[in-house]
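Visitor: From just these sequences and the hints, can you work out the full model?
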Amino acid sequence: MTGFLLRRTAQAVVVLLLVSLIVFVLLQLLPGGAARAVLGPRATPAQLAYFDHQNGLDKPVIQQYLIWLWHLLHGDLGYSYRLNQSVTSLIVERLPKTIVLNLLALVIAVVIAIPVGVAQAVRRNSLCDYAATFTGFVFYSTPIFFLSLMLVLWFSLDLGWFPAQAPQATTVGGILSQPAGLVLPVGSLVLLDLALFSRYMRSATLDSLVQDYVRTAYAKGAGRSRVLYRHVLRNSLIPMVTILGLSLPVLLAGSLITEQVFNYPGMGLLFYQEAVTSDYPVLLGITLVVGAATVVGNLLADIGYALLDPRVRY
Amino acid sequence: MAHLLPSAVPQPGAAGAPLLEVRGLRTDIRLKRSTVHAVDGVDLTVRAGETLGLVGESGCGKTMTALSVIRLLPAGGEVVAGSIRLDGVDVLGLDEAELRQVRGGTVGMIFQDPLTSLNPSMTIGRQISEAVLLHRRVGRAAARRRTVEVLDLVGIAHASRRLHDYPHQFSGGMRQRVMIAIALACEPKLLIADEPTTALDVTIQAQILELIDRLRRDLGMAVVLVTHDLGVIAGRADRVAVMYAGRVVEQATATTLFDHPRHRYTEALFRALPERAVESRDPLYTIPGLPPDLTRTAAECRFAPRCRFAQDDCRSTDPPLVPQPDDSEHACLHPVDAAHRLQVRATSASVVALTANRDVLVTAEHLVKEFPLRRHVFGRTSGTVSAVADVSFEVRRGQTLGLVGESGCGKTTTGRLLVGLDEPTSGAVRVDGWDLATLPRRGRRRVRRDIQLMFQDSFASLDPRMHVGAILREPMVIARLGGRADQQRRVDELLDVVGLPREAARRFPHEFSGGQRQRIGLARALALSPRLVVADEPVSALDVSIQAQILNTMRALQAELGLTYVVISHDLSVIRYLADRIGVMYLGKLVEEGPAHQVYARPLHPYTHGLIATVPMADVHRERAKEPAPLRGELPSAVDPPSGCRFRTRCPLAQQVCAEQEPPLAELVPDGHRVACHFPLGGTGAGPG
Amino acid sequence: MSIRPYSGDGLVPDDVPSEPVLTPPEGGEVQGEQRGSLRRGVEVFAQNRLAVTGIALVVLFLLFCFVGPLIYHTDQTTTNLAVSNEPPSAGHWLGTDPNGYDELGRLMYGGQASLTVGIAAAVLATVFGTLYGAVSGYVGGALDALLMRLVDGVLAVPALFLLLVLSTIYSPGTGVMILLIAALSWLGAARLIRGEALSLRVREYVQAVRMMGGSNTRAIVRHIAPNAIGTVVVFASFTVADSILTLSFLGYLGLGIQPPHTDWGGMLSTATNYINAGYWWLLYPPGIAIILVAIAFNFMGDALRDAFEVRLQRH
Amino acid sequence: TGAKANGGSSSQPGVSGKPVQGGTVSWALPPATIPNWIWPMASLAYFSVYNISDLQQPMYRPLYWFGGHNLQPTVDYGLSAAKPPQYSSNGRSVTITLKPWKWSNGEKVDAADVVFWMHMVKAEKANWAGYTPGAFPDNITAVTRTGPETVRLTLNGRYSDNWFTYNELSQITPMPMAWDVTSASGKPGSGGCTADQAKCAAVYRFMTTRAKDQKSYATSKIWGVVDGPWRLGSYSSSGNYTLVPNKAYSGSPKPHLAAVKFLPFTSDSAEFNVLKAGKTIDVGYIPSQDLPPKPSGSAVPTNSPVGSSYALSPVYPWSVNYFVPNFDNPVLGPAFKQLYVRQALALTLDQPLTVQKAEQGYGYPDFSPVPVRPTNRWLSPAAKKGTPYPFSTSKARSLLTGHGWTEQGGVMTCTSPGTGSSQCGAGVKKGTRLSIKYDYASGTQALDQQLQQYRSDAAKAGIALKLHQAPFNSVIGEAVPCKPSQAACRWQVANWGGGWIYAPDYLPTGESLFATGAGSNSGSYSDPTMDRLIKATEQQNGTQPLYRYEDYAAKQLPVIYQPNPYTVAATSTHVGGVVFNPLETLTPEYWYRTR
Ligand SMILES: Nc1ncnc2c1ncn2[C@@H]1O[C@H](COP(=O)(O)OP(=O)(O)OP(=O)(O)O)[C@@H](O)[C@H]1O
Ligand SMILES: Nc1ncnc2c1ncn2[C@@H]1O[C@H](COP(=O)(O)OP(=O)(O)OP(=O)(O)O)[C@@H](O)[C@H]1O
Ligand SMILES: [Mg+2]
Ligand SMILES: [Mg+2]
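Residue numbers (our numbering), protein chains in the order written: chain A, 77 to 390; chain B, 140 to 828; chain C, 2 to 316; chain D, 113 to 707.
In case anyone wonders, no lab produced these hints; they're calculated from the structure.
Ideal Cβ positions, reconstructed from N, Cα and C, are used throughout, including at glycine.
There's no promise every hint is true.
Said to hold, decoys possible - Derived DSSO-like pairs: lysine-lysine, alpha-carbon spacing no greater than 30 angstroms straight-line:
1) 130/D <-> 359/D
2) 507/D <-> 449/D
3) 237/D <-> 135/A
4) 130/D <-> 220/D
5) 135/A <-> 507/D
6) 333/D <-> 135/A
7) 135/A <-> 359/D
8) 234/D <-> 333/D
What the hints assert, rightly or not - Not close to chain C: a few residues of chain A, all C-beta gaps over 10 angstroms, as computed:
9) 141
10) 237
11) 381
Guide: Okay, structure coming up:
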């Protein structure tokens with residue numbers, strides 16, 4: 077296991093370096109450059125040059141990259157050009173918000189998707205199954221911005237059931253203490269995930285249901301629900317682990333549209349806004365975090381696999 | 140363990156009230172468009188303490204019959220008629236809760252594949268105690284105690300320590316023991332074992348069958364032993380029911396059945412067994428035609444279309460199972476009698492003389508193959524699997540070398556090395572004296588053509604997206620042999636040779652039966668007119684009747700084309716039927732090699748001896764007379780094989796020297812019979828002989 | 002970054018065929034009326050009601066977008082603000098949009114872009130990803146490790162960022178959009194096909210080719226590729242749906258197809274500006290069109306998977 | 113003064129109920145703007161209207177307050193920390209006298225505070241956003257403390273009073289001695305910057321670290337020293353912050369409210385949704401796309417989309433809107449240098465239609481560098497009359513055809529190059545096609561519509577506009593002065609949709625916009641007459657020089673003017689005293705709640 081972890085970590089570092097390099101190169105391709113974007117239309121060429129010099133942007137790209145790496149090695153993710161905060165503090169501030177929203181959505185989606193998927197599998201090809209499949213695909217096929225806006229329009233502005241914006245508290249506790257405000261943003265994310273998760277769950281359950289050990293369990297005299305919960309479920313959860321692992325980067329990267337529509341500045345929005353303003357340090361920082369999350373997510377999925385499936389050992 | 144035994148042990152065969160009585164059972168499986176009449180009027184009686192063998196070829200409804208008894212049919216399956224009385228209770232009238240008490244309570248069930256039949260993500264202990272908790276009002280601790288007890292009972296050493304292990308940590312044989320433990324946990328009155336050993340090696344199979352037998356005796360259970368293997372039944376069953384197409388066609392005590400089969404189908408089955416034709420080396424009897432389509436009902440004898448003795452009445456009446464005076468029953472209008480014994484038609488293929496002085500075609504010289512144990516893409520190797528360790532032999536033109544051994548002993552690997560699919564770690568394969576490895580590319584290609592492989596799993600070796608014509612043409616296309624028309628002609632020829640209609644060329648592999656696919660595989664191997672065909676388990680996936688077709692074809696082709704074979708199989712009777720010489724492999728080593736009849740009749744290696752003694756024969760008397768499984772334990776790991784003689788860990792004769800020195804493969808007397816043993820049997824008189 | 006994490010894979014769990022698999026009867030002669038694999042697949046596909054609905058929808062939309070303009074003539078190039086945002090009327094069946102274009106005509110016109118981009122991007126991504134994955138999986142070893150690390154790396158770069166940068170650099174027309182979306186989607190195909198190739202590579206029929214002395218090219222072209230086709234087609238189908246959604250997402254961010262051209266996403270994004278103004282004719286037609294087409298392709302993909310699986314499960 | 117003119121009373125339309133003391137008013141910040149720099153001395157990166165108006169100025173009074181409690185973009189001496197400046201008769205020096213105010217720590221607001229500022233910006237001019245090479249503060253040769261409350265600035269030449277007050281003195285904010293330190297525990301003035309400009313670097317470094325520590329904004333002793341009516345009550349870097357009254361404020365009026373709460377928003381539609389819900393926001397704005405068409409005769413909708421609990425008022429920005437042709441573009445630069453081409457571009461832009469349809473009436477045409485709304489004293493009589501180039505595609509067309517262009521394949525192509533009066537003009541090569549790559553900022557529906565219409569209309573005159581939308585920052589990113597040979601000069605037209613905001617150099621003069629080589633002269637426009645007229649606005653008193661410059665720039669089209677939209681603000685009917693000055697300065701000390 078330790079060896080496995082070490083190896084994976086080494087791989088992760090390689091991938092992350094690759095990611096940061098890709099982002100670095102892409103940033104160079106952006107027209108205009110950071111200085112203009114940060115300093116605005118007022119900036120004079122002299123000011124632009126001064127900005128570039130101050131931030132080392134006048135150095136060769138490779139050198140800039142190495143400098144960035146060097147700082148990174150010292151735990152310094154850099155300082156936002158635009159937001160007057162260190163990248164670390166920005167991430168520390170935005171990350172919890174994003175995680176609250178997405179984790180909540182993820183958990184709810186999973187909690188709903190598992191029984192739905194199992195039920196669909198058990199009643200395969202029934203009307204319920206078709207209905208659930210159909211509904212799932214409808215939500216899966218709806219552009220999220222459309223869905224979110226419709227939710228706001230119907231449930232907030234027309235019906236007035238829920239607030240139009242997510243809770244504005246700055247602490248996690250504060251956010252959670254306003255559950256009404258979370259309904260719509262979390263709901264829109266849940267609807268989207270639900271289709272995917274329940275579909276996976278359905279097929280995983282279908283796979284498990286036809287396994288021989290299910291027959292064995294029945295032959296022992298176990299009832300239907302016992303077989304489902306004790307034998308089928310656990311084995312069906314294994315594929316879910318992969319998809320949850322894959323969801324980790326989303327958990328950290330945030331969901332731009334949801335954040336924008338529901339006035340909830342998290343990682344997604346931060347990334348988007350800084351991307352359009354060429355705030356390189358923030359972009360690199362977030363990419364790194366998300367990249368790391370991608371790698372860690374894969375790793376966690378593997379570990380989860382090992383936990384759920386005793387046959388898998390690393 | 141003794142305190143477990145129920146106080147009153149009923150005697151087997153006692154003419155008490157039947158424990159299980161199945162009458163006129165009909166089970167249908169409804170599909171979208173049709174209905175499979177999987178069980179179509181089955182009558183069975185099992186008495187307490189008795190073993191009923193249920194035999195029949197694949198798809199004849201054995202499993203469905205067994206599952207009907209505990210009403211655990213697959214989706215769409217339903218018992219539509221008949222009655223099942225179990226211990227005086229009408230099973231068909233039970234509600235769901237009562238049924239649950241029957242399942243695992245009154246009836247214990249063992250399934251074929253011990254790997255997939257256990258929940259991979261639950262510990263052994265919990266899987267067994269689950270059964271206990273479901274049927275007994277006991278606490279967890281008591282359930283645990285009981286779990287340990289049954290594990291002990293089925294012979295798992297250190298049971299209490301292994302409760303927390305998962306199935307994958309157990310070997311195949313141990314897993315099957317666990318399955319048995321689950322079935323036995325609540326002391327059922329009836330144990331149904333559906334192909335309990337099919338997935339296992341012969342040595343393990345013998346151990347498991349013995350265990351079931353012992354438990355039956357000790358616990359006074361009744362056992363229904365479902366199998367397609369007549370040999371398995373021969374030694375274990377008190378009574379045997381033969382099924383064909385959803386019906387029981389014959390039922391009798393084992394002795395009666397094996398000595399005097401009455402139903403024409405039973406007779407045909409026996410005649411198709413290779414072991415019955417070993418001495419004569421006659422072609423095997425093959426049953427023409429196909430088993431009937433179970434979605435149709437017919438008012439005729441189901442076997443009639445394939446029966447050589449069918450008369451007009453067979454085609455118009457559906458014969459019922461008629462009780463005979465000798466306590467047997469059969470459903471045949473024209474049963475076997477002395478006058479109309481089945482005669483195997485003589486074929487043109489004359490028996491090839493055993494000539495030892497033919498020239499050598501292929502030589503394997505000190506073949507070694509080691510596989511690195513890989514952990515991960517970037518992982519380092521942590522040890523090697525010694526799959527083949529210094530194996531040497533030669534194959535002479537027109538002869539057949541048979542390789543036998545337990546699963547994982549390196550048979551397949553040897554075969555792959557021969558045909559050049561894998562590169563040997565060291566050693567060489569010589570064809571006509573040419574070392575394949577040192578030959579220049581073009582020459583190698585030319586020589587390679589002479590050796591073809593017939594894969595074990597015919598389906599996996601045929602591209603599902605190519606039609607058979609393309610599959611057969613491909614070797615010629617690659618070798619750039621002839622034009623399209625020539626190739627087409629050759630394809631027709633090949634199909635003729637293996638006995639398939641020419642129009643088969645336009646069909647896809649999945650549209651053929653297993654036997655037919657195996658023939659396609661054979662045809663492809665023959666496409667380039669090779670001199671040597673390596674056949675890896677050519678018939679292991681096939682039913683007896685189809686197996687016979689393939690074996691016959693192979694033999695006939697050998698005679699016709701002068702082919703040389705290396706036949707790989709774990710089934711000694713197949714090897715014995717086909718081979719001129721037999722090589723016995725054990726854990727990567729060739730431990731014995733010699734003329735087939737000699738090896739079989741006078742094995743020199745204790746392992747060979749054990750293997751032969753273990754292989755079940757479709758012969759009640761020999762099976763009954765057999766000593767209990769002489770080969771104990773399981774094959775050790777090939778990653779870390781035992782020092783010296785690799786067999787010593789399981790050898791009854793092993794001594795100090797066996798651990799220290801590796802015995803060379805040598806002839807004791809110059810008769811072409813070689814053995815690698817410090818204490819060979821017979822020759823030295825030390826063996827059990 | 003709400004671009005979906007599994008871009009391309011769609012809802013691709015391995016499903017169990019809906020009909021129990023029958024073991025073919027053993028022995029005897031070649032069976033009479035056996036159905037060919039293709040026909041069987043087609044049949045399974047056709048039995049799936051959702052799939053048929055999907056195909057019907059796709060055909061309908063193709064007709065609507067590409068044939069519709071021949072019947073319903075509108076000017077989609079000259080803006081006329083003077084007649085902007087008019088509700089449906091006899092002259093404009095679906096009213097006019099903020100630029101004074103006829104909304105129904107715009108829907109056809111935008112649909113052309115959406116469908117073209119969706120389908121072309123999916124095809125491109127699938128073809129490239131398949132080749133990449135097949136080579137990686139078949140060749141294996143160090144090359145495989147290298148190629149896959151590269152895929153990992155690109156996958157770990159937030160998709161939004163890639164889109165943002167690329168669409169800023171390249172003026173987004175239909176062609177650029179196709180390339181852009183394909184540039185994101187091929188990764189999924191590469192991974193999927195690589196897995197497939199890895200498992201196909203050790204299949205016995207591929208080994209049989211090697212044994213016969215067949216070349217690698219032959220193994221890939223004649224055996225691996227045709228056998229991976231199921232995965233490929235299923236992937237492509239889901240990717241069409243995903244691409245159309247991605248395109249709409251880009252439109253929403255203003256990075257989509259440039260005016261005066263448009264796509265449904267762009268139209269929808271424009272319409273969301275008027276969500277409070279009650280201009281329903283701007284909002285619902287493109288919204289529903291996107292959803293329907295995406296659903297249609299998802300249904301098709303789902304059914305195709307079943308169709309291919311059944312056949313492959315038959316061993 | 114302005115404060116009196118619009119005095120906070122319930123006479124304000126739409127306010128209901130009786131004024132009460134205390135209470136909180138919440139103010140919606142525009143989308144994606146989060147004040148994040150507290151120190152009035154800021155580099156360009158943190159130099160935004162939001163930082164200045166919404167965070168710094170309520171706490172740290174600038175020397176002169178521009179945009180008072182009224183609707184005029186003019187200086188309000190009543191709210192300023194100093195009395196009106198005294199210019200010497202030769203215009204070469206100016207004397208500033210501070211009011212007898214005190215900082216909240218008891219320190220006097222005096223001459224030293226101004227000197228401190230002057231030293232700081234001189235020492236750190238590279239890090240100061242307001243720095244223009246050759247101009248402020250380079251043009252101040254000496255800063256002399258002539259008394260405890262008076263400072264004299266000696267100038268390097270003669271300057272116009274207006275210009276110097278509006279564009280230079282406007283940038284000065286007195287800083288307390290408590291900031292002239294190099295450590296948190298340092299004694300006020302111990303940094304030494306006030307006494308010795310050479311010591312300013314260290315003070316700058318220290319103060320920068322403090323300004324970068326957003327977490328301490330609300331608690332820091334340093335930032336707690338204020339002379340304005342407000343101080344920071346709480347602050348979070350996400351943009352939620354409150355201002356609370358400075359009890360020790362020396363000026364007047366004194367705050368009525370207990371707090372002003374600022375709310376950040378991710379998008380204007382998010383803000384609108386909240387506004388519409390009606391509870392959270394007291395003062396917000398209605399996004400243009402959510403406004404119903406403007407009724408004639410009123411600047412705001414009569415049917416409020418946010419209901420009757422809000423009163424609506426227009427907010428005119430102190431800005432002009434235009435897009436920029438790149439005079440140095442190697443392909444089209446020579447054509448853009450031809451006035452008739454620019455005229456054709458202006459003639460084909462239908463400003464009234466754009467205002468009416470794209471902006472739904474909430475906007476007004478622009479045609480000179482001086483904002484037309486609110487009506488102000490800088491607008492020339494000629495400009496008041498309207499545009500010199502009213503929409504006419506046919507006129508544009510004949511301008512082009514009259515100058516040697518012929519339409520080929522729908523696009524005007526120069527077929528008659530040369531400098532003659534009926535020829536294309538200097539530098540325009542034969543075969544040059546008026547096919548223009550037109551980059552504009554994405555995300556604004558109205559701009560999008562305007563340009564769609566413009567494209568269609570321009571096409572009628574044979575001008576092909578190839579529209580390309582990109583994020584705002586990409587557009588401004590490329591719109592930089594450049595040399596024709598540079599790759600950076602490939603852009604042809606840039607339209608970031610915002611034109612120019614005259615703040616905090618409040619006088620609408622052109623020295624940084626249209627003067628040859630000026631920093632913000634994005635299109636590299638260059639014209640000697642223009643340069644001369646601009647110089648005059650800097651040096652000569654009175655409005656006439658400005659009028660002359662303005663009229664010339666209106667005709668010359670150094671940029672192509674386009675309609676300027678205005679915002680509609682919504683104020684709760686339970687909040688009074690709110691005024692939306694075009695300079696967007698905040699005077700919440702006038703605000704009060706009613707019950
Ligand atoms: N789930 C199912 N759905 C439809 N038909 C089935 C199903 N299971 C079995 N059958 C059919 O029922 C018949 C009897 O099957 P059964 O499994 O009892 O045969 P078997 O004798 O046990 O064969 P084997 O030796 O291969 O296990 C066969 O024709 C088979 O194809
Ligand atoms: N590609 C491989 N990589 C690693 N180990 C292998 C590989 N192929 C075979 N082995 C190992 O080599 C040993 C011999 O395998 P082989 O397949 O030759 O046995 P076998 O006698 O054919 O068994 P079976 O009867 O089960 O087919 C086994 O321990 C097996 O696990
Ligand atoms: Mg069976
Ligand atoms: Mg093998």
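Visitor: State for each hint whether it applies.
Guide: Here is how each hint holds up against the structure:
no. : hint            : in the structure
1   : 130/D <-> 359/D : 24 angstroms, holds
2   : 507/D <-> 449/D : 19 angstroms, holds
3   : 237/D <-> 135/A : 23 angstroms, holds
4   : 130/D <-> 220/D : 37 angstroms, violated
5   : 135/A <-> 507/D : 51 angstroms, violated
6   : 333/D <-> 135/A : 39 angstroms, violated
7   : 135/A <-> 359/D : 50 angstroms, violated
8   : 234/D <-> 333/D : 26 angstroms, holds
9   : 141             : 15 angstroms, holds
10  : 237             : 18 angstroms, holds
11  : 381             : 16 angstroms, holds
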